[in-house]
Amino acid sequence: MSAAVAVHTTSDVPTAGEESYFTVFAGGEAFGLSVLHTQTIFRITSVTPIPLGPIDIVGLVNLRGKIVTAVSLRRRLGIPVDEVHNSLAIGIEHKGENFALIVDEVGDVLTLDASMKVQIPAHFDPARSRFMAGLYKVGNLLVPALNIEALFDFAN
Amino acid sequence: MDELLRDFLTETTEHIEGAETQLVHFERNPSDMSLITSIFRLVHTIKGTSSFLGLERLERVGHAAESVMGMLRDGVAPTQHSVTIILAAIDRIKTIIEEIGRNGGEPPGDDSEIINALEAYYAQGSDTAAAETSAKAAEPAVSEQAPIAEVSQPIVEVPSVSAEPVAAAAAAPSQPKAEPAPKEGKSDAQPKQGGSTANQESIRVSVETIERMMQLVSELVLSRNQLLELARHREDDAIKTPLQHLSTLTSDLQDAVMRARMQPVGRLYANLPRLVRELSTSLGKNIDLITEGADTELDRQLIEVIRDPLTHLIRNCADHGIERPEERLAKGKPERGEIRVSAAHEAGQITIDIADDGKGLDTERIKAKITSQGLATEQDLRSMSNEEIYRYIFEPGFSTAQVVSNVSGRGVGMDVVRSNIEAIGGSVSLSSVEGKGSRFSLRIPLTLAIAPALIIEVAGQRFALPQTSVVEAVSLGRNYKDLIQNVQNALVLKLREEVIPAVELREVVGLSATSESDESEKLAVVMRVGTDSFCIIVDSVADIQEIVVKPLSASLAHLKVFSGHTILGDGSVVLILDPAGIAANLGIEKSSDKKREQLRDQNALERRRLVMFRAGSGAPKVLPLSLVSRIEMVETSRIESSDGRLMVLLQGRLMPIVPISPEIDMSRPSYPVLVVATEKRSIGLMTDEIVDILEEKLEIQLASANSELVGSAEIRGEAVELIDVAHFIRMADPPSKSGTAPQRVLFAADDQLVRDMLCPALSAAGYNLVATTIPSDISELFNQFTSFDAIILDADAPALQVPKFLQALRDRKDAARIPAIGISTTPNGRTSRIATENGMTALLSKHDRHTLLETLAYALDAAADAKATSMEIAA
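Chains as they are written, first to last, in this note's numbering: chain A, 36 to 191; chain B, 340 to 1214.
Since the hints were made in silico from the structure, they are not lab data. These figures come from a predicted structure and were not determined experimentally. Be aware that a few hints might be false.
Unchecked claim - Going by beta-carbon spacing under 8 Å, a handful of chain A positions derived as facing chain B: (1) Pro84; (2) Pro86; (3) Leu87; (4) Gly88; (5) Leu95; (6) Asn97; (7) Gly100; (8) Ile102; (9) Thr104; (10) Asp160; (11) Ser164; (12) Phe187; (13) Ala190.
To be verified - Computed cross-link-like contacts, DSSO-like style, restricted to lysine-lysine with a CA-CA straight-line distance of at most 27 Å: (14) B:Lys706 with A:Lys101; (15) A:Lys101 with B:Lys889; (16) B:Lys672 with B:Lys775; (17) B:Lys579 with B:Lys670; (18) A:Lys130 with B:Lys899; (19) A:Lys130 with B:Lys889; (20) B:Lys706 with B:Lys775.
Here a beta-carbon is modelled for each residue, glycine too, at the ideal position from N, C-alpha and C.
Please model the complete structure; the sequences and the hints are all you need to start from.
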């Protein structure tokens, strides 16, 4: 666990049925990332690219002596990559593997509950909707929650 | 388990291995009293502690052995017989201790035979001793109470050559002297002394703790390197000195922790004297064993990997190398042959040499064998050095022994020796002088976790290349055009007289050339995988570093050209190239295999190596050679009967013997025995005669109501029967859980070999196994399900790769109750996930019997629990 992120303060401990999400941004769009998955937030200083590896995997990163696989959220969602937004990463352990999800920015913590959930519209691009665990209405904003499972599945 | 008991077990297990060696040494050097004293002490401690812990069998065996050892300690000369019965007792103690380790208590059993043999010897020996030393009657030997006089029947047969009169019934009715035992008090004090000094020298640390320390040290090294990097750019002397100090300390600490994982090679030597002793006896040769460099240290993981190859090479030296005594004398050599095993540290590697002073290799015969097997032509051979020719000895199926002996000569094993050693990044070579002897040299890396690697650069990116497979690096520079040629659109390196396949690493990893890559710095790195050489062309070699190998994570595991990744000293991450993966990528297969295949018919791949033998009347029988770990010639006189089962003592272990046919009546002096290793131990299948080892396509007509056969097949126009090993394993090892019915397991796999490999292990573990092929309609299989407690499925079978199968798996009603375990040749993160998400209990490797057995047991337990719970709810 990193000291960089204080996930829970006493006031925003979610009650039953609620879950806390970080808002993360990629290409100007906001997404929810469950705090339960999140281990640390850090800046990547150097990446080792993996030749022949999946295109969405940016490379390998040394995170305090651990080798983590860095995945670009932009590439995953088909958003063009730029030179600026390529270093802020969220450390996530998934199925025994260490990943770093590269995002543009990390915003506030949202508390989402089931009542805010809306159906994912059928016309969403399946290439994108497969990375969504659900769509939530926050005020007048629609925030998709990220599906970690799909995000880090490189089976194909 | 009781803390006290556990301590006792670990301590005893450790010491008892040493005891065997010491005993064999003592037999050779009876004057070295320190040896027998220390074994005596050990057995005495075992006896004492067992009686304290209420372990009666151990106590009784220990007591009987102690009396005989007491005699030896008091100056009675050791004989082959006395040493053999003590070894048998030590074996029994070992077996019982192993059982206690597994079950937490002493297994029931009868040791009276061993005890009787010891007591008979003791009674007879003390009689003689008493007669001889009647003058010293004031100090009589420790003696037994009356009942031993009734004892007769030695169980361990004494070879007739032994000068010692057989400790037979005639000797038993001696008059034991019921004297008090004045020695007891003295020997009581000794074990305590020995114990306390041992305790001060070492403490027990769990492997986990050491691994954790390794991790921490690695990170410490990393931080140190970063600090050094920072300090380099700063002219601050106040920091420099302490930093230098920190740096040295860190290196020392890293070294110390690495060392803690190391163990002396001496652990490997512990069993060798006994092995050589038994080989000498069974081969009728006189062989001395000399071991050197026992304190050379090696990673503990590696010690276990080397054990089998080493044993095999020693057997080979004893059998093929050393001549019979009369032959040796005729050649003017000393009568006793010598096998020398020496270990040494050499350039970051360990070398272990196994040398004998026997007859050496017969180069001509090897050449003849090479040509007759079609491995090379005579022309090829003419241009080869002896070393190159000897390399063929490590090819599968290669043996020059003209007479097949019980020890070796079936060409089983030398290829296994090579593949085992190469699997850990080592190599094996052979040199020989005809008439003078031969020498096997094993080169083994110090540790698996840390490997020296070349850090190479290509297209601006660095990669690590394990040094173990690198033969040489050739600077190309301005000679690029001369050395590397493009032939038929493929690159080759012309090096000296050789033509070596070459490839630009840049192309292998799919990187495009950067403008700054300097042609003149380019190198060709020549590598060897198995027997094949190839080379990769790189931009430069940046460094040589020791790297800590970490495997690739699941999402990258499909990249075959990389074997892992690592963090270099400067904190950067690099990928580790896998030479075998690159070779496969280039389409380089094992060229010798290819040659051989060309020389055979197209069905070569489906051929299987079989051992053909006769047992009783009827058709000859066959067994896949993959199931047979070795073939022994067992003398009938060495076979003992215990609990109605036949046993033989082989290499210090009792092995059950099952005659394949009831017609084998033990009337002959010896029988060939196929040794089959099961999960728990080896069993021996007794045959009448080994006919041949052959490689044939096996089309089995399944079948037969006869449970000892899998079915029949036709080989070279003759009908043969494929025997069912599982049946014989059950005969040797009836399932111990007699009260409960064995659990029924359905084993569905199309590959006969997989079934051959796994079914015996499962049967031996006490499951009632039904093996079947996979039907085209998978739901048919699931319909059979209900009558089984568990199912094991070959997930590689084509029928299983379709969604329909997964659907059927998901849909089965009894999913929660009946565990389904998938097995696959190469399970990976992805396939495991698919399997478990669709209702499989687990997806395991076909090669890992151990995990399969564990998982099965666990799943069955869990299923039984679930059943019990649901029944409770229903009630």
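Hint by hint, here is what the structure shows:
no.	hint	result
1	Pro84	holds, 7 Å
2	Pro86	holds, 4 Å
3	Leu87	holds, 5 Å
4	Gly88	holds, 6 Å
5	Leu95	holds, 4 Å
6	Asn97	holds, 5 Å
7	Gly100	holds, 4 Å
8	Ile102	holds, 5 Å
9	Thr104	holds, 6 Å
10	Asp160	violated, 23 Å
11	Ser164	violated, 20 Å
12	Phe187	holds, 7 Å
13	Ala190	holds, 4 Å
14	B:Lys706 with A:Lys101	violated, 53 Å
15	A:Lys101 with B:Lys889	holds, 10 Å
16	B:Lys672 with B:Lys775	holds, 9 Å
17	B:Lys579 with B:Lys670	violated, 69 Å
18	A:Lys130 with B:Lys899	holds, 22 Å
19	A:Lys130 with B:Lys889	holds, 17 Å
20	B:Lys706 with B:Lys775	holds, 19 Å
Violated hints, in rising order: 10, 11, 14, 17; the structure is consistent with all others.
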